[in-house]
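Take the given structure of chain A and dock chain B to it, following the hints.
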Amino acid sequence: MIPTALPNILRLVYRNLLVNTDPGSLIILIGLPGMYLVFFGYGFQSVAAGGGGGSSYLTYLTPGIMSFQVVMAGTVGGSMLWADRRWGMLSQLLTGPFTRLQYLLGIMLTSMLFGLGGSVVMLGVAYALLGSIPTQPVALAIIFATITVGSILFGSLMLFIAALVKSNTAYNSIQILLIFVVNFASTVFYPLSSGLPVVLKVLFYVNPLTYVSDAVRGAYTSTLTSTDVYQVLLLLAEMAVILFLAVRAYLRSDVSYE
Amino acid sequence: MLTRGEHRLFGRPDVSFLVLDAPLGSGSGDRSEAVITAENLRHTYDRRHFALDGVSFTVRRGEVFGLLGRNGAGKSTLIKAMTTLIQPTSGTLRVLGMDTARDGQRIRSRIGVVQQEESFDFTTVEKNFSVYGMLWGVPKAERDHRRELLIEKFGLAEIRKRRAFDISGGQKRRVQVAREFMHEMDVLFLDEPTVGLDVIMRRTLLDSIREEVRRGLTVVFTTHNLEEADYLCDRAAVIDEGKILQLDSIENLKRLYGGKKTIDLTVANGDAPRFYSALTERLGVGPTVTVQGSSAVILTDDPKEALSRIAELSQSLGVQLDWLNVRKNTLEDVFLRSVRHGGDPHGPP
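Chains A and B are the protein sequences, given in the same order.
Residue 0 is where the first sequence starts when you use numbering that gives the first Met the number 0, and the numbers rise one by one after that.
Residue 0 is where the second sequence starts when you use numbering that gives the first Met the number 0, and the numbers rise one by one after that.
With the rest of the complex left out, here is chain A (with noise of 0.2 Å):
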């Protein structure tokens, strides 16, 4: 099956790339987070002053930034089956020699690499800002192991989503409230604190954001503790769940034309 699977994946994920995305989507994909990291990197410098354990706060924020990309990554699949679905190539596809389960691998590996590819962009503008960027091996390798994770992570619930919602407005409306909640209900921008309220954070506390963050930041900053590691695997345990919910929905969802 594998052999056959993989080719059909591969051309699904370079269909993806070449016809989904446009430079003014790449733009804004990559460089809203590039912002978040400029402006708020120096914005918020003088109030953050000695936050993120001793460093300056674009130290700090530059890991979150990087992990706030596996959400946007998320983003980039939900929309693409929503694109498929309007422009009627979701059934058309699918009366093409693939199976569902290879077009949501496509969507999902596709998710991955602009995650990747966004993250590494970051650390590009974190050398531009800062100087310096963390090179040890197995650090880069943590990051973007645990960049990989949290981008099927997100891209699964997005496709969840996708597949439940009946309306592209109202999977759009449903983006914008889940990035706004996911973003600023983690570690990506600020700390865990204890003068949160307690909703606050209980929020930060489910949010798979916050592992990915905190584990990213630990790899980044070289201040991995056994909690991270301890949040990784409970980030893989959410991601199976969310990929197994993700691909169940789709596989019932009626995706024929009419």
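Worth flagging that the hints you see were computed from the coordinates, not collected in a lab.
Think of the CB as a built atom: it goes at the ideal place given N, C-alpha and C, for glycine as much as any other residue.
Stretch by stretch, here's where chain B covers chain A in the computed footprint (C-beta under 8 Å, at least three residues):
| id | segment |
| --- | --- |
| 1 | 7-18 |
| 2 | 84-93 |
If you anchor each label on the Cβ, the simulated ranges turn out as follows:
| id | chain 1 | residue 1 | chain 2 | residue 2 | range |
| --- | --- | --- | --- | --- | --- |
| 3 | B | 209 | A | 236 | 56 to 62 Å |
| 4 | A | 23 | B | 55 | 51 to 57 Å |
| 5 | B | 43 | A | 193 | 55 to 61 Å |
| 6 | A | 9 | B | 45 | 36 to 42 Å |
| 7 | A | 25 | B | 213 | 45 to 51 Å |
| 8 | B | 139 | A | 144 | 32 to 38 Å |
| 9 | A | 140 | B | 194 | 53 to 59 Å |
Just chain B now, with coordinates in the frame of chain A:
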């Protein structure tokens, strides 16, 4: 491999065909071989109404099989089932010898589908061709070659650099149909492929499909346009309310009326009800007369006799005729009578 053919459209030397010089897929096999077999297919979307209700038929290799029916008759559901997009609720359906329930992917890798709805990648026309060929695993050199020939054949050169969503409806349809020929296939499913095409492009498309059929391609074709079905199909099924009402060769369908002809007539002045009443009496039990206001449609196997009766009566009753026309039965007559009378060809017109 696609090559330039010598065919001419309507004798126009400026419009030439590009045809495949080899059969697509394995289409050159035994023409009596069943490519699609449906047995007692039933499908329901809501567990109350059946979109397909006991449908059985066979499509043979190398034939053009038409599915005729009004909106909601079950044509699209049948196409979805054959292209494995849905699984029928019950019954068996085999395409290319494979069960649609178990071998969906293998079936889909050997069929082409032109959907009724638009389906494009959000990019230029020529890139749509290239990407589609790539998805089907056509090697780059081959897909570049096919793309160029198809763009020429379907008259798309002027719009090749434009985004597929910025072109006109007819152009989109041409792109969509042409794109399907980027890959090899054994069976091509066409769901209303000529909607939005002008007369010349419609005929070009139908002729190019005929050309592929001669080379072994099997085509399943849905249409509302009965002239098209008459022109293209070898056999056709008339579907209504999920049931096949008629299924035969086009010629046999037309012969269902035993060589009867149709006379249309309209009375210009005089007592039309009296005239038609007398005419019905004079014609006897053979012909059927359907009157609607001042017009009537007569179905008869002896048009000469009917015409002489009409002439006699119009003279004796002082009735002037506004319109009189004798014509052969068309596929449209078959279709209308089948749908109106649940498949009974001997019902009134």
